[in-house]
Amino acid sequence: QDLVRLPKSAKQKILVVGGAGQMGRWLCRYFRSRGYDVVVNDIAGPLEDFPFEPDLAKGVLAANVVAVAVPMSVCADILNRIAAIKPRALIFDVASLKAPIERELRAMGHAGLRVASVHPVFGPSLWPLSSGNITFSDCGNGVAVVEAKELFRASGASFVDVSLDHHDEFMAFLLGLTHLCLLTFARCVAQSPFDLAGLKRSAGTTFSRLSSAAAGLLGDSPSLLRDIQALNPHTTMVHRRIREVLDDWKRATEAPDGSAFYHLIEGARTYFGSEKPL
34 QDLVRLPKSA KQKILVVGGA GQMGRWLCRY FRSRGYDVVV NDIAGPLEDF PFEPDLAKGV
94 LAANVVAVAV PMSVCADILN RIAAIKPRAL IFDVASLKAP IERELRAMGH AGLRVASVHP
154 VFGPSLWPLS SGNITFSDCG NGVAVVEAKE LFRASGASFV DVSLDHHDEF MAFLLGLTHL
214 CLLTFARCVA QSPFDLAGLK RSAGTTFSRL SSAAAGLLGD SPSLLRDIQA LNPHTTMVHR
274 RIREVLDDWK RATEAPDGSA FYHLIEGART YFGSEKPL
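For what it's worth, my numbering labels the leading residue of the sequence shown as 34, then goes sequentially.
Take these hints with a grain of salt, some might be off.
[To be verified] Now the in silico label distances, taken between C-beta atoms and shown as ranges:
| # | residue 1 | residue 2 | range |
| --- | --- | --- | --- |
| 1 | VAL222 | TRP160 | 25 to 33 Å |
| 2 | SER254 | LEU207 | 12 to 20 Å |
| 3 | ASP198 | TRP160 | 26 to 34 Å |
| 4 | ASP198 | GLU299 | 29 to 37 Å |
| 5 | ARG242 | ARG65 | 30 to 38 Å |
| 6 | PRO104 | ALA140 | 14 to 22 Å |
| 7 | PRO157 | PRO289 | 48 to 56 Å |
| 8 | VAL179 | LEU243 | 38 to 46 Å |
| 9 | ASP110 | TRP282 | 41 to 49 Å |
| 10 | PHE227 | ALA144 | 54 to 62 Å |
| 11 | GLY189 | LYS233 | 29 to 37 Å |
[Unchecked claim] DSS-like, lysine-lysine: derived pairs with alpha carbons at most 25 Å apart:
| # | residue 1 | residue 2 |
| --- | --- | --- |
| 12 | LYS91 | LYS44 |
| 13 | LYS119 | LYS46 |
| 14 | LYS119 | LYS182 |
| 15 | LYS46 | LYS182 |
| 16 | LYS91 | LYS46 |
| 17 | LYS119 | LYS44 |
| 18 | LYS44 | LYS182 |
| 19 | LYS119 | LYS91 |
It should be emphasised that the hints constitute simulated quantities derived from the structure, not laboratory data.
We treat Cβ as the ideally placed atom computed from N, Cα and C, and that holds for glycine.
Taking the hints into account, I'd like the entire structure generated from these sequences.
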C-alpha cells in the first residue's frame, strides 16, 4: 500500500482528536504513512513520535482536516466545541454509532461546515486494509463526503454510503447482534465445568473458530463494547429478537419430530444462499 501514489493534498495537516486511543492511533499511523502532517490532541496526553497540541481550538484552527476519534460518550461535546470554532477544515468522526452525535453532525452540516461521518467497520489491527469496509454518511455537505473518501482511497478498503438515518439500524446487526452472540458464547463456555485448554484439545473447527472470534472481541475495550450495546437505539429490538429466536429453537428441538427444526434451518439457509439439501 505504500506504493500507492499520494493524493495532491498529502502535505496537509491533520489533527486527530483522541489520537492516543486505539482508533486514534490507527488514524495517526495511516495518515502519516500517506505523507500527511499529523498532530495529536488528546486529554490522555501525547502519542509517542507524533506532534502534540493540547489546545483543541488552536489545533483545529491550524488543521486542514480534523478527525474526531474520541469515545462515543464524549463525542457530541467535542463536536459542539469544534463547531463553535467555525473552522474551515474538513471535519469527520469515526464513531461506531451515529445516534449519540446525529443532532450535532446535522447542525454542523446545516451551518455550512465541511463535515462528514465516517465509520471504519474494523478494528485497528486489521491487515490488509483492503479487506475492510468503511461507511460514509452525508451530514448535509456532499462535497465533504467526497473529500473524506479521498483521504481513505489509498487504503483499498471498500466504501459504502449509509445514511445517518439507517446507520445504527445496520450496526445493530453488524455489530450489536454479532457482539452479543460472541459474548453469550464466551460467557456460557466460561461457566461450563471445563477449562478452556481441555475443551480446545477436543474441539472441532466450529468451536475453534468461535473461540478465536470471541477471544478477539474480548480483547477490545470493555467500554466500547458496552457503548455499542447501550448507545444504539435499536439494541432493544435485537435483544427481543434473540430471545424470540432462542425460543423458536427450543420449541423446535423439543418437538416430537424434526420438521420444525429442519424448517428453521431451511429458512436460514435460504437467507444465506445455501442450497445444500437437508
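Verification of the hints:
1. VAL222 / TRP160: 25 to 33 Å: holds, 28 Å
2. SER254 / LEU207: 12 to 20 Å: holds, 18 Å
3. ASP198 / TRP160: 26 to 34 Å: holds, 32 Å
4. ASP198 / GLU299: 29 to 37 Å: holds, 33 Å
5. ARG242 / ARG65: 30 to 38 Å: Roughly 34 Å apart at Cβ, these two residues keep to the hinted range, so it holds.
6. PRO104 / ALA140: 14 to 22 Å: holds, 20 Å
7. PRO157 / PRO289: 48 to 56 Å: holds, 51 Å
8. VAL179 / LEU243: 38 to 46 Å: Between VAL179 and LEU243, where Cβ atoms are some 40 Å apart, the hint holds.
9. ASP110 / TRP282: 41 to 49 Å: holds, 43 Å
10. PHE227 / ALA144: 54 to 62 Å: Holds, since PHE227 and ALA144 (Cβ atoms, about 58 Å apart) stay within the stated range.
11. GLY189 / LYS233: 29 to 37 Å: holds, 34 Å
12. LYS91 / LYS44: holds, 19 Å
13. LYS119 / LYS46: Holds. LYS119 to LYS46 sits at ~17 Å (cutoff 25 Å).
14. LYS119 / LYS182: holds, 22 Å
15. LYS46 / LYS182: Since the Cα atoms of LYS46 and LYS182 sit roughly 17 Å apart, the hinted pair holds (cutoff 25 Å).
16. LYS91 / LYS46: holds, 13 Å
17. LYS119 / LYS44: holds, 23 Å
18. LYS44 / LYS182: Holds, because 17 Å separates the two Cα atoms, which is no more than 25 Å.
19. LYS119 / LYS91: holds, 12 Å
In the structure shown, no violation is registered for any of the earlier numbered hints.
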